[in-house]
Amino acid sequence: MTTLTLTDVHIVDPEAGTVTFGALTISQGIIQQVYDNKTNPFRGETGNIIDCKARYIAPGLVDIGVKVCEPGERHKESYRSAGLAAAAGGVTTMVTRPDTTPAIDNPETLEFVTRRANEAAPVNVLAMAALTKGRAGREMTEIGFLIDAGAVAFTDCDRVVTDTKVLSRALTYARALGALVIAHPQDPGLSQGAVATSGKFASLRGLPAVSAMAERMALDRDIALVEMTGARYHADQITCARALPALERAKNNGLDVTAGTSIHHLTLNALDVADYRTFFKLKPPLRDESDRIAVVEAVKSGLIDIISSMHTPQDEESKRLPFEEAASGAVALETLLPAAMRLYHADLIDLPTLWRAMSLNPARRLGLDCGRMTVGAPADLVLFDPDAPFLMDRATLRSKSRNTPFDGARMQGRVLTTYVAGRPVYERAS
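My numbering applies: residue 2 is where the sequence shown begins, and numbers increase by one.
Think of the hints as simulated: they come from the structure by calculation, not from any bench.
Small disclaimer: the values here were computed from a predicted structure and weren't measured.
Each hint should be verified, as a subset may be incorrect.
Derived DSS-like pairs: lysine-lysine, alpha-carbon spacing no greater than 25 Å straight-line [what the hints assert, rightly or not]:
{"no.": "1", "residue 1": "Lys401", "residue 2": "Lys320"}
{"no.": "2", "residue 1": "Lys320", "residue 2": "Lys284"}
{"no.": "3", "residue 1": "Lys166", "residue 2": "Lys252"}
{"no.": "4", "residue 1": "Lys301", "residue 2": "Lys284"}
{"no.": "5", "residue 1": "Lys284", "residue 2": "Lys401"}
Start from the sequences, fold in the hints, and give me the full structure.
Below, the structure written as structure tokens:
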């Protein structure tokens, strides 16, 4: 294969925690060499060399928790449309959720979606499977057979398993097989019917609300079960300050626990719901500003390990309803990187730390080789301009559903080229 050289580029290395200026070469789908500015031997040469004009290159994003609506709701999102959106957003690996219709809870369904993804998506796609059959919380799935079929993790998504005996058995079985269990920490009794976070703002708007303590209570329960079973556990979204001490204790006690959060909970808050805009209706609901800042600090310190898009397509009919009745969720494959740049430009989180959370840590949690900028690592990369301004127009999104809360927002950060195994799968027109 032809060797490709990228010169005059800022290299974001989340493993080393550095941003250096130099060059790198790609061949046979891997990074062959990385040069700093002093040792760059390519300046002034021609050939299969791309002058990046002092832009930035980093590992492609590894996005855990992407919903692709095949099977069952292909009109909302297909593997083709999600793959194109991911490539345009710098996401080189999508880790998809099993909350489809029907749920991905058996090897046959998993093999179907894997085949569809390989046929249609230009980026890497890994699938998670349901933890219980039908995501009903009554009987665990055949975890061993699903691992053999390619499942990388097990989750019932936003349907919390309320039966602790069922959950403890599933965790015990997962522990024996080394499987990762991903949970949604939210007490279902308290949060049922809630569409906002409790407080004065929700009361003034007349919205049914839930205390942020519902997240803390569910996380406490899950951590106790992890301590009992020794399972590998990941909390998909930690969104409030009250949950952070429990997470910190679990890590300090040596439990195999990690946590993520969504880009929306890092960049938006409860006040954004002011005009009952249903594109801001998420699950869990957007939190107070104090919670947002606490979660940003937790990502910065490494207490929260992973930032995800939590890409959840909803069609117009599902969103053009009164706030309480509208479906929850937002698309974010294409907005994950520019939204993250809000944290960078506000001097809240630097680029290596952001890429640690968006690429290196999710790759490590799933046992993948990507997410690194070292020789021999897969050449799954994103070339981007962190300063490029633009006005977000949801009509330009590649997802079939376009329910983004950032519609009409002024943003910075453009993906220029996305590489998967050294091959460009997206190139922005100049």
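| query | Going back to the hint list, which numbers does this structure go against? | reply | Nothing - there is no hint that the structure violates, so all of them hold.
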